[in-house]
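Line by line, the protein sequences are chains W and V.
Note that my numbering has the first sequence beginning at 1, numbered continuously upward.
Note that my numbering has the second sequence beginning at 1, numbered continuously upward.
The set of hints was computed from the structure by calculation and includes no laboratory data.
Yeah, the Cβ is synthetic: ideal placement off N, Cα and C, and Gly gets one too.
Accuracy of the hints is not assured; some may be wrong.
Anything over 12 Å on all C-beta distances counts as not near chain W; from chain V, calculated [to be verified]: (1) Lys42; (2) Gly43; (3) Lys107.
Computed from the model, here is a short list of chain W residues facing chain V with C-beta under 8 Å [as the list claims (entries may be wrong)]: (4) Glu14; (5) Gly16; (6) Phe33; (7) Leu43; (8) Met60; (9) Phe65; (10) Phe96; (11) Gly99; (12) Met101; (13) Phe105.
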Amino acid sequence: DAGVIQSPRHEVTEMGQEVTLRCKPISGHNSLFWYRQTMMRGLELLIYFNNNVPIDDSGMPEDRFSAKMPNASFSTLKIQPSEPRDSAVYFCASSFTGGIMEAFFGQGTRLTVV
Amino acid sequence: KQEVTQIPAALSVPEGENLVLNCSFTDSAIYNLQWFRQDPGKGLTSLLLIQSSQREQTSGRLNASLDKSSGRSTLYIAASQPGDSATYLCAVCFDSGGGADGLTFGKGTHLIIQP
């Protein structure tokens with residue numbers, strides 16, 4: 001398996017624009033997680049899905065953030081409208097809850113909002 | 001609030017030394033604990049996972065221990081090499097009672113191994 005695949009790797013956008021980040025989890029994994037990493041706050045869980053259903057979105061900072069998982073092999077994290085303080089690295093991870101629940105991470109999307 | 005703390009925040013040692021990185025967490029109800037490595041500008045690489053029922057795991061020169069009752073884990077690196085230089089992150093999967101949560105991360109230990 002190619003691992004967790006995120007796109008794009010880098011995104012630069014202007015304040016106010018909509019940004020969509022994409023994630024393809026490892027085949028067979030049934031849990032998917034979105035994290036955000038900043039220098040100040042470290043890695044924070046934004047939202048996670050189990051069997052395509054959102055379980056906990058308490059980490060989503062504002063209503064400007066939304067996430068979907070229309071099927072087992074694809075998820076999106078959308079920011080609308082984007083703001084400079086959203087600049088961070090966004091990671092997607094997946095795991096299989098029937099096993100030891102080891103989490104595997106994608107390479108991340110580095111978002112810069114100017 | 002469930003928290004994970006890592007000490008020290010940064011560490012610089014000469015090549016060849018054995019070293020210990022520390023991680024503490026606030027709740028003993030956990031599913032597992034993972035240690036990750038992150039190189040600058042890169043993603044997270046899983047090093048070791050310790051399940052709630054286990055006391056330690058070993059992989060090559062790395063050994064991780066878990067003491068749930070005291071809320072502590074250590075990552076032991078033997079015979080350190082310059083290639084071990086990276087940020088090491090401790091992450092805990094807490095059991096909220098309704099099932100496993102996502103991972104809660106510490107802020108990491110930035111490790112430099114001097115040649």
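Which earlier hints can't be squared with this structure?
-> 1, 2, 3, 4, 5, 8, 9, 10 and 11
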